[in-house]
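Novice: Chain F is already provided as a structure; the job is to place chains X, H and Y on it using the hints.
Number of protein chains: 4
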Amino acid sequence: MIQIGIIGAGRIGKVHAESITRFVKGAEVKAIADPYLTEETKAWANAMGIAEAYGDYHKILADPAIDIVLICSSTDTHSQISLEAIAAGKHVFCEKPIDHDVEKIKAVIAALKDSKVKYQVGFNRRFDHNFMAAREAVKSGKIGDLNILKITSRDPGAPPVSYIKVSGGIFLDMTIHDFDMVRFMSGAEVEEVYAIGGVLVDPAIGEAGDIDTAIITMKLSNGALAVIDNCRRATYGYDQRVEAFGSLGQVAIGNDTDSTAVISNGEGVTAEKPKLFFLERYMQAYVAEVSAFIDAVVNDKEVAVSAEDGLKPVLIGLAAKKSLAENRPVKISEIG
Amino acid sequence: MIQIGIIGAGRIGKVHAESITRFVKGAEVKAIADPYLTEETKAWANAMGIAEAYGDYHKILADPAIDIVLICSSTDTHSQISLEAIAAGKHVFCEKPIDHDVEKIKAVIAALKDSKVKYQVGFNRRFDHNFMAAREAVKSGKIGDLNILKITSRDPGAPPVSYIKVSGGIFLDMTIHDFDMVRFMSGAEVEEVYAIGGVLVDPAIGEAGDIDTAIITMKLSNGALAVIDNCRRATYGYDQRVEAFGSLGQVAIGNDTDSTAVISNGEGVTAEKPKLFFLERYMQAYVAEVSAFIDAVVNDKEVAVSAEDGLKPVLIGLAAKKSLAENRPVKISEIG
Amino acid sequence: MIQIGIIGAGRIGKVHAESITRFVKGAEVKAIADPYLTEETKAWANAMGIAEAYGDYHKILADPAIDIVLICSSTDTHSQISLEAIAAGKHVFCEKPIDHDVEKIKAVIAALKDSKVKYQVGFNRRFDHNFMAAREAVKSGKIGDLNILKITSRDPGAPPVSYIKVSGGIFLDMTIHDFDMVRFMSGAEVEEVYAIGGVLVDPAIGEAGDIDTAIITMKLSNGALAVIDNCRRATYGYDQRVEAFGSLGQVAIGNDTDSTAVISNGEGVTAEKPKLFFLERYMQAYVAEVSAFIDAVVNDKEVAVSAEDGLKPVLIGLAAKKSLAENRPVKISEIG
Amino acid sequence: MIQIGIIGAGRIGKVHAESITRFVKGAEVKAIADPYLTEETKAWANAMGIAEAYGDYHKILADPAIDIVLICSSTDTHSQISLEAIAAGKHVFCEKPIDHDVEKIKAVIAALKDSKVKYQVGFNRRFDHNFMAAREAVKSGKIGDLNILKITSRDPGAPPVSYIKVSGGIFLDMTIHDFDMVRFMSGAEVEEVYAIGGVLVDPAIGEAGDIDTAIITMKLSNGALAVIDNCRRATYGYDQRVEAFGSLGQVAIGNDTDSTAVISNGEGVTAEKPKLFFLERYMQAYVAEVSAFIDAVVNDKEVAVSAEDGLKPVLIGLAAKKSLAENRPVKISEIG
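Protein chains in written order, with the working numbering: chain F, 371 to 706; chain X, 371 to 706; chain H, 371 to 706; chain Y, 371 to 706.
Just chain F, with the same shape it has in the complex (with noise of 0.2 angstroms):
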């Protein structure tokens, strides 16, 4: 039995919990840490079987029966615990961004170098049953040699101003996950991006020195040519999308629904919208990673999301951001 230890006890870090919990044959969750731990989630903790919920996380960092560490916590840490938990001998499954600072991420994966650790980033999306059939269709030849790859990526509301001021900017939390889809969907590398944006949602989000709303463009190391669109705001819900084209066809994947209810009327023909939320749209993909990630430390398999993986999003993203400040394409090579 894989013994797990859940390094934030926030939302991501209960998905987690609860899906191992669950579905995760040959593995349980053994303790959680929190610096901020309630009562609430103590019983929370209890009620799931988890034996440990501690304040500290080294006291999971150093207990000898734990096998695997999920770094569930703010991301400003997330570098740092990589780097004690590689040290302490713990496979590490990491919600993404490692860091923002691409130095950080870089020592990271040097930790990495010399270490028979696993180490796995969150890119959730590649497990999502959408994204991975719009993947295969790509991979398996189905629309031959990809020529255009579009992206688009809407969220149904805009976080907090507070969160944006710290996150990093919309390029670095909420592109970053597109930016992997670019290179998940193409299986090439981005070369150069360009990067065009405004305040359209929320003024607040502009005197925040960010924007709401983008296009970015990229060349890809294949040829290919690929265009992400996001907005923070969607009325309709969570609309995450991509279509992959190529000399023999084309891909799409539109949204999940909570049911395929329509209905006739005389306003006229009503599906239902996008699932709204994220946690219920990739619940499974959850799942699937942690699971994903599991199976790679119990068999020794390659990760699926190596922690380079989770560098290049970040180089990507830091280009857009140059991008958009400078108003000219620029090349991932002129970043870190």
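Among the hints, a few may not be true.
Identical copies go unnamed one by one, so any copy, or any two together, can satisfy a pair.
As the list claims (entries may be wrong) - 20 angstroms max Cα-Cα, derived PhoX-like pairs, lysine-lysine:
# : residue 1 : residue 2
1 : K474      : K429
2 : K412      : K384
3 : K671      : K483
4 : K384      : K395
5 : K429      : K476
Hints were generated in silico from the structure; no laboratory data involved.
The structure presented is a predicted model; accordingly, all values stated were derived computationally and were not measured.
Specialist: Coordinates of chains X, H and Y only, in the frame set by chain F:
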């Protein structure tokens, strides 16, 4: 240049006149006749370049220059005019139904026996792009052996009760098209029919001795099963769909819409309603059926919808009427 | 903590055990019983944390710690075990059907009369997200008064003929779900039924005295009309759809698919097939129905699907059987 | 009766002649002119009832009976013939583009200044039922303020390289329609453009100095962002879609198909491909644009697509060309 005379200058007569004038090369409408010939109709005929507008249709039958007659008059006159036109050696395109009286239809069929006259019945749906695509899928074996045929046929709104009183009832004025579609889609004959129905739209229809909502099941000569559902009122438009299910799969056709626009907002994801009006929905089919008839005349081909094809749906309709009245399955062989 | 005993360790028994263990807080499976208890099943039970695995279900009924019994054994044992469980004061969740014999079902209903036992029948589709959305649209008045209810229900492939011989036939093992859906969707009772059918999939099914393809029409107590079409084989998957049409419009539900991927190429625009396997299709519904039952027990609520709800579809199924045999409409009041 | 002369008897000239003859009441084509006037074209003109077929278009300009001239000749003659027709006092419908040379377009605009001549440019998509529905949704406020406009525009196959050599390149012969659509949909002006592209379809296109695949982003005067993706080859047909996303929601339009047929089998659920051929796809739009122009002439209304509307997309196209060449965003104000 084929010369055409149109008997009946109501809605459908005018539709045919306009579509021949616009689309059918090598044919022209020389004359139109209507017992209630208005100044407006005369002006319309003149604008259309129709040389003659008569009150008495016998003038059309007597004109040796006219090759083809389109019978677009009221239903109760179809069989009589058919007989006269056949006797006059005119090729006849007759709007459906030939008559509600089986004997009168048989008289037309008998008159055709030793004649060289081409005779086609106006079951326009056989020429509709959607129905043709479904038929082609069935005929070409794409769904294997037909097992279940389902037809949904709902009008946007009920006709005036005055019409219902003389129409022969729902099975003879509305379902008759669907009975034809059962034969067209299946390539088989209806052997037995069972009908249930109700007055769910308008009590006045019930007072007029008819129903406004029905489900009719049928056993076909090839062993397949069929079902039609009808209603005189669909708030969302003219609803005309078919599903043909067989040993290898299914083909389904839906409705046409004015555009492909889909609006997503807080209320849902809303597409356009089906086209509301049968003339708009089937405009291309009206052109195609008359073109096909002219082609059959000019090139001495078999007509697409024979007088026998005009008889069969009337037999099925009368059997459905009897089934509803007696609440039991009725064999077609019991009728006529 | 509610203690549950499961009688029958076949496919569905295991499904319930796993879903309770994973998803139902405040309840646990204490014991499972199966007359053919294999080592494999024992190992599975052990891995699931089920304390006891018996050959004889009476040990479950005799255990005072057990509050709830799930009857997942073969159909012919349902009513007998129900009676014993009720006598033992256990709350009962019984897989459908309670029995094929109306008198035996009535005996269960009678036994419940003076008992405080909760009894729910396993019509899982009532808990499916799509069917619930359609029901909600009807119930909330979104389509006005119900006029026509259409259910398509086709299995991906026929069960073994050995099963068909004991299943009670297509109307009692397959259509029974659809009969329940007619009542659920309409909120009305079936008063009269007429069935046509054929052996179009496999002659062996005919030799076993059953049909494999059917259309059943029904008159409902609220004046609405209903129709079900069934087939034992749909090459494209498990096809479960409903269309409810009324005075204000229509609600329609389609199938679930593994992903939303659509591939466009020279062949056409191709989406995924419906989910193939009923367990996968209805997994969430299995969880929801048992959760609802446990909630009814714990909080003394009315059960969602009563023993009477278990009786009614059997009556309709027997009427359909009689209708097919005698080729005439049969009133439900003629049965039982 | 308005008399029309058509200059250029190629494909599009004939399309206009036929649609006017069939559908436009109160107008007739009196003459057609083409420097390469074949016997076949003469026979066609005769069959269409066109009185005159000339080799020299000056005969049309000299005919005082002719009110309207349609310029359907090769692109390099558009501006010169426009100037002559304006001088002759003819109302002009000119196929797009007026010219590739900004100065020549400006000369036409200047010539119109003190003239009473109506001048419309042939941007047919503005009259397409789908594009109009999307425009209407935006204009009427159904999606709130426009934030992101996405246009997908892919041809079924590349034109001959000989055409590409004289066409002005992808941005001026293909994307020009999409640039017009950006203005039409948004009701705003393009201020800055950035283009990336590649030769992914046919190396011969690259050798001719052009690209065959492109993504173009734009900043609009109302603050919205726009993106177009183009490819010269889509195996599944002529792919013309728009997505307009705003503060209240989104409107999206898809392609038209030959039928609504959907075939479900073991391979998947397959719908028809988009219509393949632009003439078929936009036939109604060709009729509508000429009808609108004739209406503008007869009733002295403003034309739907002015000479200025003809100039703007050329400016954007030239900016896109410069952007691609210099790999930097280019302001429209830098051009012309």
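Novice: Taking the hints in turn, state whether each one holds.
Specialist: Going down the list of hints, with the structure as the test:
no. : hint        : in the structure
1   : K474 / K429 : neither (24 angstroms within a copy, 62 angstroms between copies)
2   : K412 / K384 : within (12 angstroms within a copy, 32 angstroms between copies)
3   : K671 / K483 : within (16 angstroms within a copy, 60 angstroms between copies)
4   : K384 / K395 : both (18 angstroms within a copy, 16 angstroms between copies)
5   : K429 / K476 : neither (26 angstroms within a copy, 62 angstroms between copies)
Against the hints set out earlier in the document, violations occur for numbers 1 and 5.
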